[in-house]
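Below, each chain spelled out in residue letters.
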Amino acid sequence: MNGGLKTVGNGGQMSDVWRMIGRRLLFGCLTLFVISVVIFGATELLPGDLARQLLGQSATPETLAALREQLGLNAPAPLRYWNWLTAALHGDFGVSMANKRPIADLVSARLGNTLFLALYAAALAVPLALILGVLAALWRNSWFDRAANSLALTSISFPEFFVAYILVLWLAQSGLFPSMVRITPGTTFGARLYMSFLPALTLTLVVTAHMMRMTRAAIINLLASPYIEMARLKGMSPLRVILRHAVPNALAPIINVVALNLAYLITGVVVVEVVFVYPGLGQLMVDAVTNRDIAVVQAVALIFASAYVLLNLIADVLSTVTNPRLMHQR
Amino acid sequence: MKVLLVVIAAVAFALALGWVFRAAAWRLAPKRHTLVFRDMPLTAAFGMAVILIYVVVALFAPVLAPFAEREVVGGQYLPWAAPYLLGTDNLGRDMLTRLIYGARNTVGIAFATTALAFVVGSILGIWAAVLGGWADQALSRFVDALMAIPALIFSLLLLTIFGTSITTLILVIAAVDATRVYRLARSVAQGIVVMDYIEAARLRGEGMWRLIRREILPNAMAPLVAEFGLRFCFVFLAISALSFLGLGIKPPTADWGSMVRENATLITFGDVTPLLPAGAIALLTVAVNFVVDWQLHRASGLKE
Amino acid sequence: MTKLILPHAVTRRGLLKGAAAVGAAGLLLPGSMGSARAEPKKGGVFRVGIGHGSTTDGYDPAVWDNLYAQTFAAARHNQLIEVGADGNLVPEIAESWESSDAKTWVFKIRQGVSFHSGKTVTIDDVIASINHHLGEKSTSAAKPYLEPIADMKADGQNLVVTLKAPNADFPYIMSDYHLPIMPATDGKIDPTSSDGCGPYIVESYEPGVQATLNRNANYWKTDRAHFDQVVVLVILDSAARLNALMTGEVDAIDQVEPSTIPMLESRGVANIVSVSGNAHYCFPMDARAAPFSDNNVRLALKYAFDRQELVDKILNGHGSVSNDNPIGPASRYFFKDMEPKGYDPDKAKSFLKKAGMDNLEVTLVAADAAFAGAVDAAVLISEKAAAAGITITVDRAPNDAYWDNVWLKKPFCASYWGGRAVEDQMFSVAYTKGAAWNESYWDNARFEELLVAARSELDEAKRREMYYEMQKIVSFEGSTIIPMYNNYVMGLSKKLATPEKVASDWNLDGFRCVERWWFT
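Chains as they are written, first to last, in our numbering: chain A, 1 to 330; chain B, 1 to 304; chain C, 1 to 520.
With the rest of the complex left out, here is chain A (with noise of 0.2 Å):
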């Protein structure tokens, strides 16, 4: 599988890489500044204000403008803008303006569980998705190739609330599994395992397909190049040409397609959060964004944008370097 990164060769290319990573990393700031800057005016934007979704249907002229005052709501955007970005550059993201708890206090074990449920998703689904992907594409127009995809395409045809009420029916409801998870401080690794396991599945069905269909694509689609031919005709095993030949140069797309879903994974989770009662960092996004609770809505869009950016960063430096002629550009 690796048979790409073996043509990394002298310094003078992976000097190359490093500044590659310096740049991008300038540029990841850069990116988040922007973000920051999108997600605060876009907040803006939205009709009402923290205030109205605090006191909610018991809204009145007064106690609206009493609550506006105590919030700090009434500064203009720019200033509170700029207050928020000096703290944050501090290293402080403040307070939830909701229910005064330390932004840290807030996100850090949501953080750590959102993180979890990625990790162990992403290790169901991606050996799963590359497995199937190559088999599929060494089996080309079989039956198994027609049936790892028509069952593929079908679970993600479903919406996840739809394949997470599915697998609840099947594996919850006969008491297998718990139906929802609930995490407390003294939950050991197994234990936590084993009640994330629907939730995981439910993320592995939704995302598998999309990796294993760009994988057999990507591969398939080098199969015909002469080098492949050459392999062949030196009478190499089907599973070895494309092993050895044909992934290490299909390699881009489908770390690409990796990268993607994995930041999925930690950014995108909300719907299988809810049905699960899973305490990620989705919910509480939503509920921020619900309560135009900015200070809250900023940090953890940060933490997803940060994710996403290193995620596609890493993409992107395995993709220059497992493509030599990425390598020896210009």
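Please keep in mind that the hints were generated in silico from the structure rather than gathered at the bench.
Some hints here could point you the wrong way.
[Stated by the list, open to error] The calculated label-pair distances, taken between Cβ atoms and stated as ranges, are:
(1) Gln137/B x Thr393/C: 45 to 51 Å
(2) Asn83/A x Lys41/C: 30 to 36 Å
(3) Gly22/A x Gly418/C: 54 to 60 Å
(4) Gly22/A x Gly187/C: 55 to 61 Å
(5) Thr393/C x Pro79/B: 29 to 35 Å
(6) Gly418/C x Ser165/B: 54 to 60 Å
(7) Ala23/B x Leu171/A: 38 to 44 Å
(8) Phe142/B x Leu79/A: 23 to 29 Å
(9) Leu171/A x Asp346/C: 51 to 57 Å
(10) Ile473/C x Pro66/B: 43 to 49 Å
(11) Pro83/B x Asp346/C: 57 to 63 Å
(12) Gly418/C x Gly270/B: 52 to 58 Å
(13) Lys41/C x Leu85/B: 50 to 56 Å
(14) Ser117/C x Gly72/A: 29 to 35 Å
[Claimed, not checked] What the simulated footprint calls covered on chain A by chain C, stretch by stretch (three residues with Cβ under 8 Å from a Cβ of chain C suffice, anywhere in the stretch; the number is not a length):
(15) 93-99
(16) 112-123
(17) 277-289
Treat the numbers as computed from the prediction; the structure is a model and nothing was measured.
All C-beta atoms, glycine included, are put in the ideal place defined by N, C-alpha and C.
Knowing the structure of chain A, use the given hints to seat chains B and C on it.
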């Protein structure tokens, strides 16, 4: 046991449908396409047959549907019996009618959205890859910034700000999807622009548009087509998720994504009603991707 | 099997002294629960899954606004007065109360009650707890209710409240859930503290996820709070709540989705408790804006609603038809025999004609944020109204910020009310001119006059007459269409037992399930 029988029956029916379609297509097609259709695998034939049926249903929905789209015909959740062949939904509307109209609304919207996302995303992506340098960096970092915002939250923000008409829905989902297509197209094209023949084409002095259209696009087509098949069904899911937040297609318009959402709780009790619209989406997804696979295979130039 | 008994009016006795009664909604519990009703047993861990709650929730009583916050509060706090399951006011921290003129009220504070921290509950704590909601800087949701208070002072261990105008129903206001008694230092309560004098002590709380509480060994009510531990969980998704109940991961859930009730019943794994109260779903029309400014148009619309169908399909029968009357069947002065408005397209047409119209086109804005099934209800209404020559275009609005963008802003939209314990409160809050939540901007001189008069009228029969007339005015001249009263529907594990009567004032036994229920 019963499930197994149903699966076998369904597969047999699918094969038969594929076979009939292939036979018909092969004989009806113009001479120069005859070979293409004759050698088409059964799965692809099945896929095309299903797509054709969906298109026909979508086009002739008012003729085919036994009742009007929004008509309340009776009680809730009536059993599967004439005159309501698939029973009624949570408001007492005929399920079959809703499914038929759903084909028209959902497939139309999904197709428009995906096509838009691909045209915009792939052209920009390839263009950025060919251009390289600062323009590429600027565009890519901007797209990265947009993609780093979770899609559902981003759509929620945009739709709340711009309203929820069908046009805005299409534009918003397409915009979100286009960023994903852009990234893929760019990364695929990056692998191609360093090839010798592109270098040669550049030296020949070919213009940007011609370079993209004649040299890069054909070689980047395979992963893009594969992606198209998937993105297409992600649109249904996006609509379904948005209707979860009260932002999807407005009622009483029938669409499958919202229909799944409306009846989803029933699946908890093993009721099959919500499987109908979900199944309709799944069937179309599988069908589209079977055809995509076939085209991929043809494009790869492999003989076996 | 669920049987419902329609609420009946209870004679009001001793309004001005001791405990007053409101009409009560009762219910018969499923057979297995009703028959062998043994003495409550102690012990067990009670887990309740609630379809509300957000990561932004907190301890401050001024901002509690959802069932999660309310139930969690009832588990750790006491108030001055509790509303009993039968609708009677029950003494809690106020041992008794009285007034000679309905203007000056004296509440006697119970002695020997202590907070979780060990501090004794004093009159200063009580005053500070109420003052938390008053004052210019206050943002409390209870501020408007407490507005009538002119003065509040301690007299030994008695709390003396003087009102700006007489109000015979004032003790009900003191039963509001925003008014828990919390410990004060220097005349101020600490709104970030969990300390209270209620049945359970907070062990841990993660907003939007769960709270764990242990029994307060020193709780002054010896016949209440039967569980050793209580876990209050947030489960927002209705299917997830059902699953948690069916797999035994929780013992009780609120808000069972109406369409799933028959199936849950047939599973036989849980009991359904369905309580009819004063809660109602409604569709306010802006009385200032054409065409709704014409009462004939409003009446035409009222007769174009198929109320029974809405009760059948939106509530799945767990509710009852309302005659555009915000006063529910659980109220003391509910006007039961008011002339009903059936679905009558011809009558609707004739009212349209009176308004000088042949047909009518209006837009109805709805979102499920207004109430579960609001969009479906709007679609059904629109279908049925077509027969009367009325075209109702349904416009679904986003759930997000519905109360900001639509409610009080669009001329015709969906809304709901949790129902209020007293008629005066319901009318004052939503039907008087200039009231902040007068969602229909309706304004009727005769109605206002009656409302003020009834507030201080001490003669039972005359007061009843007045409330009947007010209900009639609201129903036939009002600008709010109220097609149905919705029940509170809960799912309970078979192991769980409840008292004979489950309260109808709020969901989950008036939030008090944690201290009223027990395991068999």
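So, going through the hints one by one against the coordinates:
no.	hint	verdict
1	Gln137/B x Thr393/C: 45 to 51 Å	holds (48 Å)
2	Asn83/A x Lys41/C: 30 to 36 Å	violated (56 Å)
3	Gly22/A x Gly418/C: 54 to 60 Å	holds (59 Å)
4	Gly22/A x Gly187/C: 55 to 61 Å	holds (60 Å)
5	Thr393/C x Pro79/B: 29 to 35 Å	holds (32 Å)
6	Gly418/C x Ser165/B: 54 to 60 Å	violated (33 Å)
7	Ala23/B x Leu171/A: 38 to 44 Å	holds (43 Å)
8	Phe142/B x Leu79/A: 23 to 29 Å	holds (26 Å)
9	Leu171/A x Asp346/C: 51 to 57 Å	holds (55 Å)
10	Ile473/C x Pro66/B: 43 to 49 Å	holds (47 Å)
11	Pro83/B x Asp346/C: 57 to 63 Å	violated (28 Å)
12	Gly418/C x Gly270/B: 52 to 58 Å	violated (34 Å)
13	Lys41/C x Leu85/B: 50 to 56 Å	holds (53 Å)
14	Ser117/C x Gly72/A: 29 to 35 Å	holds (32 Å)
15	93-99	holds (count 3)
16	112-123	violated (count 0)
17	277-289	holds (count 7)
The structure fails hints 2, 6, 11, 12, 16 (numbered hints given earlier, in ascending order).
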